[in-house]
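Number of protein chains: 2
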Amino acid sequence: MVSPSSGSASPSVPTRRFELLTLGDELLLGLTANGHLTFIGSQLGRRGVMLNRNVTITDDADDIVRQFRESWSCADVIITTGGLGPTCDDRTREAIAAVIGQELVFDSAIEKTIADRFARLGRKMTPNNLKQAYRFARGEVLPNANGTAPGLWVEQDGKVLCMLPGPPNELQPMFIEQVLPRLAERGYIRAREAYVQLRTAGIGESALETKLQPLFDRYGDALSVAFCAHQGQVDCRLSSPSQRLSDLQLQELASECAGLLGEDFMCFGHDSLPRVCADLLRTHEHTLAVAETATGGLLANAFTDICGASKFFAGGCVCYSNESKMQLLDVPEDILAQHGAVSAENAVAMATGAAERLSASYALAITGFAGPTGGTEANPVGTIYVALYSPHGVWSKKLAYPGPRSTVKVRAVNAALDWLRRELIRTHTHAPTPPCREIGLLG
Amino acid sequence: MVSPSSGSASPSVPTRRFELLTLGDELLLGLTANGHLTFIGSQLGRRGVMLNRNVTITDDADDIVRQFRESWSCADVIITTGGLGPTCDDRTREAIAAVIGQELVFDSAIEKTIADRFARLGRKMTPNNLKQAYRFARGEVLPNANGTAPGLWVEQDGKVLCMLPGPPNELQPMFIEQVLPRLAERGYIRAREAYVQLRTAGIGESALETKLQPLFDRYGDALSVAFCAHQGQVDCRLSSPSQRLSDLQLQELASECAGLLGEDFMCFGHDSLPRVCADLLRTHEHTLAVAETATGGLLANAFTDICGASKFFAGGCVCYSNESKMQLLDVPEDILAQHGAVSAENAVAMATGAAERLSASYALAITGFAGPTGGTEANPVGTIYVALYSPHGVWSKKLAYPGPRSTVKVRAVNAALDWLRRELIRTHTHAPTPPCREIGLLG
Numbered sequence: 001m002v003s004p005s006s007g008s009a010s011p012s013v014p015t016r017r018f019e020l021l022t023l024g025d026e027l028l029l030g031l032t033a034n035g036h037l038t039f040i041g042s043q044l045g046r047r048g049v050m051l052n053r054n055v056t057i058t059d060d061a062d063d064i065v066r067q068f069r070e071s072w073s074c075a076d077v078i079i080t081t082g083g084l085g086p087t088c089d090d091r092t093r094e095a096i097a098a099v100i101g102q103e104l105v106f107d108s109a110i111e112k113t114i115a116d117r118f119a120r121l122g123r124k125m126t127p128n129n130l131k132q133a134y135r136f137a138r139g140e141v142l143p144n145a146n147g148t149a150p151g152l153w154v155e156q157d158g159k160v161l162c163m164l165p166g167p168p169n170e171l172q173p174m175f176i177e178q179v180l181p182r183l184a185e186r187g188y189i190r191a192r193e194a195y196v197q198l199r200t201a202g203i204g205e206s207a208l209e210t211k212l213q214p215l216f217d218r219y220g221d222a223l224s225v226a227f228c229a230h231q232g233q234v235d236c237r238l239s240s241p242s243q244r245l246s247d248l249q250l251q252e253l254a255s256e257c258a259g260l261l262g263e264d265f266m267c268f269g270h271d272s273l274p275r276v277c278a279d280l281l282r283t284h285e286h287t288l289a290v291a292e293t294a295t296g297g298l299l300a301n302a303f304t305d306i307c308g309a310s311k312f313f314a315g316g317c318v319c320y321s322n323e324s325k326m327q328l329l330d331v332p333e334d335i336l337a338q339h340g341a342v343s344a345e346n347a348v349a350m351a352t353g354a355a356e357r358l359s360a361s362y363a364l365a366i367t368g369f370a371g372p373t374g375g376t377e378a379n380p381v382g383t384i385y386v387a388l389y390s391p392h393g394v395w396s397k398k399l400a401y402p403g404p405r406s407t408v409k410v411r412a413v414n415a416a417l418d419w420l421r422r423e424l425i426r427t428h429t430h431a432p433t434p435p436c437r438e439i440g441l442l443g
Numbered sequence: 444m445v446s447p448s449s450g451s452a453s454p455s456v457p458t459r460r461f462e463l464l465t466l467g468d469e470l471l472l473g474l475t476a477n478g479h480l481t482f483i484g485s486q487l488g489r490r491g492v493m494l495n496r497n498v499t500i501t502d503d504a505d506d507i508v509r510q511f512r513e514s515w516s517c518a519d520v521i522i523t524t525g526g527l528g529p530t531c532d533d534r535t536r537e538a539i540a541a542v543i544g545q546e547l548v549f550d551s552a553i554e555k556t557i558a559d560r561f562a563r564l565g566r567k568m569t570p571n572n573l574k575q576a577y578r579f580a581r582g583e584v585l586p587n588a589n590g591t592a593p594g595l596w597v598e599q600d601g602k603v604l605c606m607l608p609g610p611p612n613e614l615q616p617m618f619i620e621q622v623l624p625r626l627a628e629r630g631y632i633r634a635r636e637a638y639v640q641l642r643t644a645g646i647g648e649s650a651l652e653t654k655l656q657p658l659f660d661r662y663g664d665a666l667s668v669a670f671c672a673h674q675g676q677v678d679c680r681l682s683s684p685s686q687r688l689s690d691l692q693l694q695e696l697a698s699e700c701a702g703l704l705g706e707d708f709m710c711f712g713h714d715s716l717p718r719v720c721a722d723l724l725r726t727h728e729h730t731l732a733v734a735e736t737a738t739g740g741l742l743a744n745a746f747t748d749i750c751g752a753s754k755f756f757a758g759g760c761v762c763y764s765n766e767s768k769m770q771l772l773d774v775p776e777d778i779l780a781q782h783g784a785v786s787a788e789n790a791v792a793m794a795t796g797a798a799e800r801l802s803a804s805y806a807l808a809i810t811g812f813a814g815p816t817g818g819t820e821a822n823p824v825g826t827i828y829v830a831l832y833s834p835h836g837v838w839s840k841k842l843a844y845p846g847p848r849s850t851v852k853v854r855a856v857n858a859a860l861d862w863l864r865r866e867l868i869r870t871h872t873h874a875p876t877p878p879c880r881e882i883g884l885l886g
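One line per chain: the protein sequences are L and R, in this order. As numbered in the numbering used here, the first sequence has no gaps in its residue numbers, which increase by one up to the final residue, 443. As numbered in the numbering used here, the second sequence has no gaps in its residue numbers, which increase by one up to the final residue, 886.
The following block holds chain L by itself, in its conformation from the complex (with noise of 0.2 Å):
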């Protein structure tokens, strides 16, 4: 959800309209998730340009001819992915060139680009990779430094049109590197971003709106403000699209409105919460082992895409039968007899069990039922107890998630985060909580 609190949603340069256009039965067909859109709209939301349209079509020529008309006679930017490729299926060129009347030609300098690729992987060009060395008579080509198919970038009437590669790995960098620059260039977006913003986590829309507005309202019309929210963390958006206020203005403002959340500001910028976490347990020198039965690995799986996470992560363990809890965390068979897996010992026991086996000064433990099925009624579909062992004691916390398999986990997984991040924050920031080796129940 985007709810714009005052002014519009999206701080904008002059107002031009913005198109995506994606290409391929595989993504209308439900094969493949349209990750393009979510690439794009979000990296020309950052630059304070907000998509017009997205438009998915298969890849038949006449369909591609048809939908590029209209689209080019109201849009004033196209970005168009996938259809580039070698193979006869290809069409968006050609259709294209028709609709905008221009000339595709041979470009010797592509087909050096390709036969080099190849050359250098060892493999052998094909002849219908030559159609990829085609280009628009008036036109640029946009380098492609991950695969064969070069990016397409015309200017005409008054108009921008861009054409990509469709695997995600090249359109990404060419996309970052190469249209960004050109397109702020040219004025049609922010050089820098667009606006600055706040994340939060463990605090609700309104409550967050209810706490800053009389921050906010100092200002009036000249600053606009967007809240996002996403998984349990609120994204707060501050910009001033009649440029009134200057970027160190909102900068300070930021500042102010993060002083004012205290815990519940996270970060500035986009960073993740488990990057946030993983940024305080490197600072200050900490090492996090996890342990789990509901979330089945997702805990775990929260730091690996962070570079040099073996630095602070020591390890998790995902504990689904009793055996393999006493095995790998040594949960006594007294704690799962008396009270369950599903319990606030439990989880605690998962924790001190993982932090003493793995050597970690802090340990997360999630158990629970994610659904659809398991539950009992003091414990029903939904029950997630989370636990935290830190250097200065063990709690654990009962939560309970509506929602499908998939939405539970991933809610708990942020709980347990966030949970850890407070517990860092408050450790280096104040003294330290008192020793305390009891189980605190809380929430």
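Hints listed in this document are in silico derivations from the structure and should not be mistaken for laboratory results. All figures in this text were calculated on a predicted structure; none of them were measured in a lab. Treat the hints with care, as some may be off.
[To be verified] DSSO-like mimics (lysine-lysine), calculated; alpha carbons at most 27 Å apart, straight line:
1. L:112 x L:131
2. L:124 x R:654
3. L:211 x R:567
4. L:398 x R:841
5. R:841 x L:311
6. L:124 x R:841
7. L:398 x R:654
Take the given structure of chain L and dock chain R to it, following the hints.
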């Protein structure tokens, strides 16, 4: 990629144009992935219809009117998602009513359903929820068992309009239980699955096509074949759009293909690789343990969406540090010192340790460099060692994947699972492999 081998890619009933209109700024800003396209696209695909177009637009009422007018003029079936919420920025109902010239009428039966829902949840109904009790004067209501906004169904001008609420846990059951049957009744989609699907693993698309083509050739253009490749798996869809081949004939052909493919054949239908492994493990009363470094929990997590996984999944360890490998999996220090963590020897030691610690009959271990940093001359980024422990022996395989970290991780997990699948099939269809405890380096 979807590549038709012969005939048309999608077997379809009388050609009608299907469009999906997804509404929401959060989609265009890249804050939320467009899961509705993936879900609805694949559901319709199974019934023999490919969406012709998906258009994503903002929540702006003018945009909705403009786009809906264009779509309504050229599509036969329009499905919209989102914009049915209670707040003032949910303007879809009103905008669309204006275009199709319908009146919105207050429906006290809907009001009662909403009020009952609030009462049941012990929450207070706010006045703006009453907005959701309006429906088209000439239209039907699709009850919503999981939320307040009912879906809306209109048949007019020989076209169908179907408006669905945005939350996936409300939309998905409504689509399956109410929308698909309605579309099938009217002959817009097939009443049952429109094709017979064979899933394969570990065989490339062109090798698969070469192997099966002689069987397909017997049926000429009565048969339509489409291949869909995704992350090391290729699906093959057999259908007969002209209905000259009966369902039984298609099933017999599919069985013949499966026989010819041997171990490369994974399953009929839509089961995932983890589920196929799970079924094999359960059928033969085996248990599985896993141990991971580079994939960081992804292998363990593959099983956690399978209900009742605790029946066969003993547990898993994510071991980033050498210490954790020794502590949790009894990997001998000598192996790490002599061969390093990214080695066949360590993979074998991890698998063995996991199986022994967790008393599992089978174990998988994955270690490697997923990138972007790390790697050595002998084991560059993308190098993965997988080990498989079974009652008959323990082996290791060296693999190499190009591409970004996320791709390397997914492909490594799939390769490990596919190895387990093949070993289970071999063991239970042929005489068991002779006992062997040495390290067999394959691949």
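Numbers of unmet hints, in rising order: Checked against the structure, the hints that fail are numbers 4 and 7, while the rest are satisfied.
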